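Residue numbers (the numbering used here), protein chains in the order written: chain A, 1 to 515; chain B, 1001 to 1163.
Because the hints were derived from the structure by calculation, they are not lab data. This one's a predicted model, so the numbers in the text were calculated from it and none came from an experiment. Hints are not guaranteed to be accurate.
Derived, one-sided and incomplete: chain B residues facing chain A with beta-carbon distance under 8 Å [claimed, not checked]:
| no. | residue |
| --- | --- |
| 1 | T1111 |
| 2 | A1153 |
| 3 | L1154 |
| 4 | G1156 |
Just a sample of chain A residues kept apart from chain B, beta carbon distances all over 10 Å, derived [claimed, not checked]:
| no. | residue |
| --- | --- |
| 5 | Y59 |
| 6 | N160 |
| 7 | N196 |
| 8 | A228 |
| 9 | Q241 |
| 10 | T282 |
| 11 | V303 |
| 12 | A464 |
| 13 | L471 |
| 14 | I483 |
Restraint ranges, calculated between C-beta atoms of paired labels, are given here [as the list claims (entries may be wrong)]:
| no. | chain 1 | residue 1 | chain 2 | residue 2 | range |
| --- | --- | --- | --- | --- | --- |
| 15 | A | R33 | B | A1127 | 47 to 57 Å |
| 16 | A | S306 | B | G1095 | 26 to 36 Å |
| 17 | A | T14 | B | R1027 | 47 to 57 Å |
| 18 | B | T1006 | A | L220 | 27 to 37 Å |
| 19 | A | A287 | B | L1077 | 42 to 52 Å |
| 20 | B | V1146 | A | T38 | 29 to 39 Å |
| 21 | A | T14 | B | A1127 | 25 to 35 Å |
| 22 | A | E284 | B | Q1093 | 30 to 40 Å |
| 23 | A | T38 | B | R1162 | 44 to 54 Å |
| 24 | B | Q1093 | A | S306 | 22 to 32 Å |
Cβ coordinates follow ideal geometry from the N, Cα and C atoms, glycine included.
Here's the letter readout for the chains.
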Amino acid sequence: MVSGLDFQLFLPETILLVGGIAVLIADLFLRERADRETNLAWVSLAILVAALVASAAQYGVSESLFRSSADPVAPGAFVVDGFTTFFRIIAILTTIIVFLASVEYVRGRTAFRGEFFALMIFSTLAMTLMAGSTDLVMVIISLEFLSITSYILTGYLRGNVKSNEGAVKYFLYGSITTAITFYGASLLFGVAGSTNLYDIAARFADPTAIIGTPLMSLVLPAIIFLLAGFGFKIALVPFHQWSPDAYEGAPTPVTAFLSVGPKAAGFAMLLRVFAVALPEFTHEWAALMIGVAMVTMTLGNIVALSQTNVKRLLAYSSIAQAGYMLIGVAGVSVANIAGIAPGEGGAGLAIDGTAGVLLYILAYLFTNLGLFIGVIAVDYLAGSDTLPGYAGLLRRAPFLTVAMTIFFLSLVGIPPTAGFIGKFWVFGAAIQNQLFALAAVGAINGVISVVYYFRILKQMWYEAPADPTPLRLPGTMNAALWICLSLTLLIGLFPAPFIEFANQSIHMLGVFVRS
Amino acid sequence: MNVFLTSIFVIVSVITLVGALGVVMARTVFASGLWLILSFAGVAGLYVLLEAPFLAAAQILIYVGAVAVLILFAVMLTRRVMGDPGVSQNNSQWGAAAVVAALMFIVLSLTSVQNWRPSTESPPLLAVNALGEAFLGPYLLPFEIVSVVLLVALVGAIILARE
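For reference, chain A alone in the conformation it holds in the complex:
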């Protein structure tokens, strides 16, 4: 039923699960000790690093886990392949960086600090599960798992009205999208007769089974309903309404986490489900992605223009960023995911949309988290998350200001930063697939985004500070800032190994190719 190999390849998840429970129990026994928090923080960090190493060690593996003993050839509910490995690493890296930035922040803000660390570890577990799910039941359970941890983390500051409001809105919106996603999955199950993504693909590939029957008319509603669930996690328009309130109300480190982790995991799931189960419908879902990408970018950027709260502004900015990533999804070529080398099928240089999305997510992870470390630091040291709170930051924290400026440039996509490489790749994929209108809308949006990023930059560089006392970042926050800054520049200056990593990671186990 479960072989030794399954356990071995499931090691990162096992580490996170056992580690999360261990932190909960250790918190109970260390309650009386004064150094409890420091110890718990280091233990949690060690667990995350161990899971990161275990994930990286599986680079190049391609195996399906938890196969049924009755039918050992059939794929199971979880796979470990290049794609899973990539998103496992993304998930764990996100949590490690957010973790470093939040250790000092949660001190004094909540009585449940041990549980906070444990919940961060459980969220990571949920994201790694999302990365490798290949069964609709597993897809929905891991999606719901991440949602539940996110609701709790958003409402963590119990005494804070905004935190409560954000969590309740997030929860209500999330419950309804969960129901819709379930409905979509049940339609797909009704059409294909299986919950396993590979079985579904095999049914659609069989020309006599479903093609041409009235069942076909249910596939498009199923795709739209599933997109509602993934779009909710990614905060795509029109499933984004929860995000500004949740981002504003959540404790700032949680906002940083929400703006990267669930988005990346949502993209992993979206790409996996559509590429593995529905390659026969690439035209349909790619067309949907084009429309959603356009409205997502435009609405995110235009609403961001009028925001005065920095967390809300970055919420809309991250909605727009998700729109850029979706450009890559619209330019996905299923043949490439299946392992056919780029260029073999068609014109000379081939930029694959999936590789573009992965590269963009990698760049966005370090850029956006770096920016949020600045927001966490200003919130933690100066107690402000509005635009005037950033006035004269150059004089109060010069290094932080310079770093944040680089992150802003990277979000816009100006070389030599990571954001440029990511944007180049997704726009390249769009142009190669002749999606010129989409690329044009993306480019116009890039210009709009400069306007509101510049409003923050103007405050930081040119305004006089209300209170000129220098801000000194705690050591852990500084470490996280350095990680983000160095990788943002490294990806921008020496992109070759990262491009290679993304290109290797697009291969999903057993993706069917339309002949």
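Once you've looked at the hints, dock chain B against the given chain A.
Just chain B now, with coordinates in the frame of chain A:
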């Protein structure tokens, strides 16, 4: 489907729908909770009509017996809700609700007018064996992960609710 089964179906459906309407239209949360029990029981009746007796029993035991009672307990323990029956239980946006309901109706009717092929196999009398094997076979991983989800939800409930 003969007349007898059809009339049973209509009765059970009406019970389910009236219960559901009661949930959203009741004046107090407590009454909403009571209406919910009726709706849950109606759904159990639908499962019986679909020849899924195990699912019907599970519906009654878990939803009617445990979930609904738990909801009522939670409502009774919440002082502010019990103390003030004047708070409206819905936001009275009937127009928006009508649009959503109409859209939902279109999707559902599109689904149900399809030419579904009825299965030629007779449904298993008690599907418990197959269900158990599915839980520990192809659905082992989701089955185990659900317990982790419940653990996390429990921890979250304590964090959010402990005085």
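Should the hint that B:V1146 and A:T38 are 29 to 39 Å apart at their CB atoms be regarded as holding? Since the Cβ atoms of B:V1146 and A:T38 sit about 34 Å apart, the hinted range of 29 to 39 Å holds.
Any Cβ of chain B at or closer than 10 Å to A:L471, or is the non-interface label fine? holds, 30 Å
Given B:G1156 was flagged as interface, is its beta-carbon under 8 Å from a beta-carbon of chain A? holds, 4 Å
Is it correct that the beta-carbon of A:Y59 has no partner in chain B closer than or equal to 10 Å? holds, 22 Å
Between the beta carbons of A:E284 and B:Q1093, is the distance compatible with 30 to 40 Å? holds, 33 Å
Would the stated hint for B:T1111 survive a check requiring a Cβ distance to chain A of less than 8 Å? holds, 6 Å
Would you assess whether A:T282, listed as outside the interface, keeps its beta-carbon beyond 10 Å of every beta-carbon in chain B? holds, 23 Å
Hey, does A:A228 actually stay past 10 Å from chain B on C-beta? At about 12 Å from chain B, A:A228 clears the 10 Å cut-off, so the statement holds.
Double-check B:L1154 for me: the hint is only fine if its C-beta lies closer than 8 Å to a C-beta in chain A. Status violated, d = 10 Å.
Look at the Cβ atoms of A:S306 and B:G1095 and judge whether their distance stays inside 26 to 36 Å. Once the Cβ atoms are compared, 28 Å apart, the range 26 to 36 Å for B:G1095 and A:S306 holds.
Does the no-contact call for A:N160 survive, Cβ to all of chain B over 10 Å? holds, 12 Å
Could you check that no beta carbon of chain B comes within 10 Å of the beta carbon of A:I483? Its Cβ never comes within 10 Å of chain B, the nearest being 27 Å, so this holds.
Violated hints for the displayed structure, listed by number in ascending order: 3, 7, 23.
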